[in-house]
Amino acid sequence: MNSTLLRTTALRSALRASAPTAATRAGLAGTTFVRGKATLPDLPYDYGALEPSISGAIMELHHKNHHNTYVTSFNTFSEQIAEAKAKEDITAQIALQPLLNFHGGGHVNHTLFWENLAPTAQGGGEPPSGALAKAINDSYGSLDAFQTKFNAALAGVQGSGWAWLVQDTQTGSVGIKTYANQDPVVGQFRPILGIDAWEHAYYLQYQNRKAEYFKAIWNVINWKAAEKRFQ
Amino acid sequence: MSAPTYTLPPLPYAYDALEPHISAQIMELHHSKHHQTYITNLNAALKTQAEAVHASDITTQVSLQQGIRFNAGGHINHSLFWQNLAPASSGDAKSSAAPQLVKQIKATWGDEDKFRDAFKTALLGIQGSGWGWLVKVETGNEQRLTIVTTKDQDPVVGKGEVPIFGVDMWEHAYYLQYLNGKAAYVENIWNVINWKTAEDRYLGTRADAFKLLKASI
Ligand SMILES: [Fe+2]
Ligand SMILES: [Fe+2]
Ligand SMILES: [Fe+2]
Chain G
1 MNSTLLRTTA
11 LRSALRASAP
21 TAATRAGLAG
31 TTFVRGKATL
41 PDLPYDYGAL
51 EPSISGAIME
61 LHHKNHHNTY
71 VTSFNTFSEQ
81 IAEAKAKEDI
91 TAQIALQPLL
101 NFHGGGHVNH
111 TLFWENLAPT
121 AQGGGEPPSG
131 ALAKAINDSY
141 GSLDAFQTKF
151 NAALAGVQGS
161 GWAWLVQDTQ
171 TGSVGIKTYA
181 NQDPVVGQFR
191 PILGIDAWEH
201 AYYLQYQNRK
211 AEYFKAIWNV
221 INWKAAEKRF
231 Q
Chain S
1 MSAPTYTLPP
11 LPYAYDALEP
21 HISAQIMELH
31 HSKHHQTYIT
41 NLNAALKTQA
51 EAVHASDITT
61 QVSLQQGIRF
71 NAGGHINHSL
81 FWQNLAPASS
91 GDAKSSAAPQ
101 LVKQIKATWG
111 DEDKFRDAFK
121 TALLGIQGSG
131 WGWLVKVETG
141 NEQRLTIVTT
151 KDQDPVVGKG
161 EVPIFGVDMW
171 EHAYYLQYLN
181 GKAAYVENIW
191 NVINWKTAED
201 RYLGTRADAF
211 KLLKASI
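In order, the protein sequence lines correspond to chains G and S.
Quick note on my numbering: the first sequence kicks off at 1 and runs consecutively.
Quick note on my numbering: the second sequence kicks off at 1 and runs consecutively.
It is possible that some hints are incorrect.
Unchecked claim - The list that follows gives simulated cross-link-like pairs (lysine-lysine, DSSO-like), each with its CA atoms no further than 30 Å apart:
| hint | chain 1 | residue 1 | chain 2 | residue 2 |
| --- | --- | --- | --- | --- |
| 1 | S | Lys-47 | G | Lys-210 |
| 2 | S | Lys-151 | S | Lys-182 |
| 3 | G | Lys-215 | S | Lys-47 |
| 4 | S | Lys-182 | G | Lys-64 |
| 5 | S | Lys-114 | S | Lys-214 |
| 6 | G | Lys-210 | S | Lys-196 |
| 7 | S | Lys-151 | S | Lys-211 |
| 8 | G | Lys-37 | G | Lys-64 |
| 9 | G | Lys-177 | S | Lys-182 |
| 10 | G | Lys-64 | S | Lys-120 |
Unchecked claim - Rough simulated footprint, nothing fancy, chain G against chain S, three-plus residues with beta-carbon under 8 Å:
| hint | segment |
| --- | --- |
| 11 | 29-35 |
| 12 | 77-91 |
| 13 | 123-137 |
| 14 | 147-157 |
Stated by the list, open to error - Label-pair distances were calculated between CB atoms; the ranges are:
| hint | chain 1 | residue 1 | chain 2 | residue 2 | range |
| --- | --- | --- | --- | --- | --- |
| 15 | S | Lys-214 | G | Lys-177 | 32 to 42 Å |
| 16 | S | Thr-121 | G | Lys-134 | 47 to 57 Å |
| 17 | G | Glu-60 | S | Thr-121 | 51 to 61 Å |
| 18 | S | Leu-64 | G | Ala-216 | 38 to 48 Å |
| 19 | G | Ala-57 | S | Glu-187 | 16 to 26 Å |
Treat the hints as calculated values from the structure; they're not laboratory data.
Using N, Cα and C, we set each Cβ at its ideal position, and we do this for glycine too.
All chains should be built: construct the whole structure from the sequences, respecting the hints.
Structure below.
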């Protein structure tokens, strides 16, 4: 990803140096976005592999339809924002920002979410170890106490949103934060483990009984993935 | 110091009366579970608030505000929503049941189709959970119509605002039937909008629109 960014920047400066006409500017926007297009990642397990905690029907819709819509919409709005930038249309760029945040956030959040789930046969539900386990114990006393607090945070989401175990990049300590809609974990905090509290994440199986979903999902949490994100 | 207790208003039609546009399963869960939960949580918060007022505990009172706003909003929105829906076979579900309102809709948006398109765009533009409303705004002797979207359970209770009809865009309102196809839900709901209720709210005052909430205390 870093090298892609670098290449794009180098290409931009090269073209800027040759004083681009409107035509080459439009060409640049096209090239950049074909190259940098977001794509739907494959799930690292089958749709039915998280049953009975999360049904195969939910996983398939969630991945193939919901996540994919965030991906295609993000690409559309990225392209529009590049066009607005090329035209030096500042108000259009600003107007597109919330759409980029929403759909880009949806893409980032779901990508992290699929990784931090795993079937029990592949380690789902196995408690964390090492430095992350220690950080959780230091902050919450025990894994059980942490999960109780996390589930209370999930239950407290008013509307659509996510709860995340985050690491404060300034202090290194962990904490629980909720985010509205598809707001991604960026800035001061690093995402370690996220749970989707949108109704589409559980409704076909749990309907209004969301507390049951919040309880069951811990059986398929991939703590190994969380440990890799923790620094 | 006692707090009022709100109760679930009965639906003005059967759970299956909005089929095939909204399934009986959705209606039953939505009314008996989701709406009931807002009321249960609202009553609990109001009781705690009454105790905090009695005890002059101002920090508890302030900490309860967001929960009261959310759950009261959920109660207000759903109470208005059930009333602004009607079985498709009913005469109330035709826009001809709202001659005065339709006249102003045409004056505002050009024609009914343009209004429906604008309403649809607003509904599909909601990011996350929320509602879309047709609202009458009264300022002095003037009044106008506008389309408003609100997030989560924020209710339309601003000064001079009269909610004419609302559409619930939370996923629980359509997911069991429409899955991620919310555009189809938004299309089909026009078949079950209660234009008679809409006309009454349009011609009435703000207090008229909200009077059913008092009745359900
Ligand atoms: Fe999701
Ligand atoms: Fe939702
Ligand atoms: Fe609802």
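Hints and how they fare:
no. : hint                                : verdict
1   : Lys-47/S <-> Lys-210/G              : 25 Å, holds
2   : Lys-151/S <-> Lys-182/S             : 17 Å, holds
3   : Lys-215/G <-> Lys-47/S              : 29 Å, holds
4   : Lys-182/S <-> Lys-64/G              : 16 Å, holds
5   : Lys-114/S <-> Lys-214/S             : 35 Å, violated
6   : Lys-210/G <-> Lys-196/S             : 36 Å, violated
7   : Lys-151/S <-> Lys-211/S             : 23 Å, holds
8   : Lys-37/G <-> Lys-64/G               : 17 Å, holds
9   : Lys-177/G <-> Lys-182/S             : 29 Å, holds
10  : Lys-64/G <-> Lys-120/S              : 24 Å, holds
11  : 29-35                               : holds (count 3)
12  : 77-91                               : violated (count 0)
13  : 123-137                             : holds (count 4)
14  : 147-157                             : holds (count 3)
15  : Lys-214/S <-> Lys-177/G: 32 to 42 Å : 39 Å, holds
16  : Thr-121/S <-> Lys-134/G: 47 to 57 Å : 51 Å, holds
17  : Glu-60/G <-> Thr-121/S: 51 to 61 Å  : 29 Å, violated
18  : Leu-64/S <-> Ala-216/G: 38 to 48 Å  : 30 Å, violated
19  : Ala-57/G <-> Glu-187/S: 16 to 26 Å  : 24 Å, holds
This entry does not satisfy hints 5, 6, 12, 17 and 18, going by the numbered hints stated previously.
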